[in-house]
Every structure is written in C-alpha cells, then in structure tokens.
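A.B. asks: Quick note on my numbering: the sequence shown kicks off at 397 and runs consecutively.
A hint or two may mislead.
Restricting the straight-line Cα-Cα distance to at most 25 Å, the calculated cross-link-like pairs of lysine-lysine (DSS-like) are [claimed, not checked]:
id: 1; residue 1: Lys-458; residue 2: Lys-534
id: 2; residue 1: Lys-535; residue 2: Lys-435
id: 3; residue 1: Lys-512; residue 2: Lys-435
id: 4; residue 1: Lys-497; residue 2: Lys-535
id: 5; residue 1: Lys-458; residue 2: Lys-435
id: 6; residue 1: Lys-497; residue 2: Lys-458
id: 7; residue 1: Lys-535; residue 2: Lys-458
id: 8; residue 1: Lys-534; residue 2: Lys-512
id: 9; residue 1: Lys-512; residue 2: Lys-535
id: 10; residue 1: Lys-512; residue 2: Lys-458
id: 11; residue 1: Lys-435; residue 2: Lys-529
What follows is a list of derived Cβ distance ranges for each label pair [as the list claims (entries may be wrong)]:
id: 12; residue 1: Arg-560; residue 2: Ser-538; range: 17 to 23 Å
id: 13; residue 1: Glu-491; residue 2: Met-397; range: 35 to 41 Å
id: 14; residue 1: His-425; residue 2: Asp-546; range: 43 to 49 Å
id: 15; residue 1: Asp-416; residue 2: Tyr-569; range: 16 to 22 Å
id: 16; residue 1: Arg-560; residue 2: Tyr-462; range: 35 to 41 Å
Hints listed in this document are in silico derivations from the structure and should not be mistaken for laboratory results. Cβ atoms here follow ideal geometry from the backbone N, Cα and C, with glycine treated the same way.
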Amino acid sequence: MARILIPYGTSEGQTARIADYISDVLQAHGHQADTLDLKHADHGLPNGYDGIIVGASIHAEKHEGYVADFVRRNRSGLERLPAALFSVSLSAHAEPEEAEKYVAEFEDSTGWHPDKVAMFGGALLYTQYGFLKRMMMKKIVSGQGSPDTDTGRDYIYTEWDGVRRFAEEFLVYLEREPGPES
Numbered sequence: 397m398a399r400i401l402i403p404y405g406t407s408e409g410q411t412a413r414i415a416d417y418i419s420d421v422l423q424a425h426g427h428q429a430d431t432l433d434l435k436h437a438d439h440g441l442p443n444g445y446d447g448i449i450v451g452a453s454i455h456a457e458k459h460e461g462y463v464a465d466f467v468r469r470n471r472s473g474l475e476r477l478p479a480a481l482f483s484v485s486l487s488a489h490a491e492p493e494e495a496e497k498y499v500a501e502f503e504d505s506t507g508w509h510p511d512k513v514a515m516f517g518g519a520l521l522y523t524q525y526g527f528l529k530r531m532m533m534k535k536i537v538s539g540q541g542s543p544d545t546d547t548g549r550d551y552i553y554t555e556w557d558g559v560r561r562f563a564e565e566f567l568v569y570l571e572r573e574p575g576p577e578s
C-alpha cells in the first residue's frame with residue numbers, strides 16, 4: 397500500500413472536488429490518499445509519503461500563488477518522489493493550447509517539472525457567483541463563442557473518466573518508480 401499526498405489550491409471548489417475524487421480512486425485501489433488544502437495548511441511537505449499529486453486551478457490566467465509558493469519551497473522533495481500535477485481551468489475544456497501554456501508558465505516559474513501532468517476542465521458556477529462576477533463570466537464565455545450563458549444554472553466541464561484514468565496511470569507509474577529509500 398502506497399501513501400499518496402494530494403495538496404491542492406482551489407478558488408471555487410472544483411479543484412477540491414477533483415482532489416477528493418482522485419483520493420477516492422486511489423483508496424479504491426487499496427492505497428492511502430490524503431488531500432491537503434494548501435490555503436489552510438502549513439506549506440511544508442509532510443514526511444512519509446510515497447508519491448504526490450499537486451492540484452491547482454487557474455484564475456486570471458495564473459495558478460494560485462500559494463500553490464506555486466508550496467512547490468518552490470518543496471521542490472527538492474517533489475523531485476525525490478514520483479510526483480504529478482493536475483491543472484484545472486475553463487481553458488482545458490475550451491482552449492487546450494491555452495491550458496498547456498498556463499502549465500508551462502507554472503513549471504517555468506516554480507522550476508518544477510512533474511513526472512506526469514493532466515489538465516481538467518473546471519466549472520462555470522453561475523449560481524454561486526455574485527451578480528457582477530456572474531455577468532463578467534457570462535460576457536467572457538459569450539465572447540469565446542460558447543453557448544453556456546444561462547446564468548440560472550451551472551456548467552461542469554470536468555471529464556471524470558479522464559480524472560480516474562489519470563489517478564490510475566499515476567498508480568502504475570508509482571509502482572514502477574523506486575521509492576525514496578531504494
């Protein structure tokens with residue numbers, strides 16, 4: 397049984413839902429998986445884990461600064477273990493090239509190049525936004541040519557089968573990699 401840490405940053409909660417889902421998948425395969433909301437946690441990398449999957453969402457064209465800070469502070473630890481990154485954004489759903497650009501910028505700014513990377517569509521949560529944000533998001537989405545402008549409902553773009561595959565592929569990778577004590 398492997399112990400896997402899933403530290404993440406989230407702005408609206410979709411990255412947290414994805415981290416929890418990854419944890420559930422890993423646990424269903426007999427492993428221990430702990431999620432850690434970096435917004436409310438110590439930014440040190442806890443000991444005793446066999447692998448790490450970092451999650452971050454994109455807002456205003458950047459991943460959360462506190463996730464980037466966590467990665468910079470713990471880069472050597474992340475490089476010693478099998479490690480992955482999942483990035484969550486509306487771009488991953490609508491403009492994958494843009495999502496790839498954000499991941500490349502994150503890697504450049506942190507100096508960390510994870511073993512595995514996945515990009516997942518986020519969510520457009522109109523019903524949870526205040527009036528101004530709801531109208532701003534509607535304008536952005538409409539300007540991109542999306543029909544998803546009904547502000548009376550939410551749109552979830554996360555492809556859950558892809559999230560499951562990513563978690564399972566990470567387990568395969570983890571089993572092939574020598575541990576830190578090897």
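A.B. asks: Next step is simple, just say for each hint if it's right about the structure.
C.D. replies: Hints, verified against the model:
no. : hint                           : result
1   : Lys-458 to Lys-534             : 20 Å, holds
2   : Lys-535 to Lys-435             : 29 Å, violated
3   : Lys-512 to Lys-435             : 23 Å, holds
4   : Lys-497 to Lys-535             : 23 Å, holds
5   : Lys-458 to Lys-435             : 16 Å, holds
6   : Lys-497 to Lys-458             : 10 Å, holds
7   : Lys-535 to Lys-458             : 20 Å, holds
8   : Lys-534 to Lys-512             : 33 Å, violated
9   : Lys-512 to Lys-535             : 34 Å, violated
10  : Lys-512 to Lys-458             : 19 Å, holds
11  : Lys-435 to Lys-529             : 22 Å, holds
12  : Arg-560 to Ser-538: 17 to 23 Å : 32 Å, violated
13  : Glu-491 to Met-397: 35 to 41 Å : 39 Å, holds
14  : His-425 to Asp-546: 43 to 49 Å : 38 Å, violated
15  : Asp-416 to Tyr-569: 16 to 22 Å : 21 Å, holds
16  : Arg-560 to Tyr-462: 35 to 41 Å : 27 Å, violated
Of the numbered hints listed earlier, those contradicted by the structure are 2, 8, 9, 12, 14, 16.
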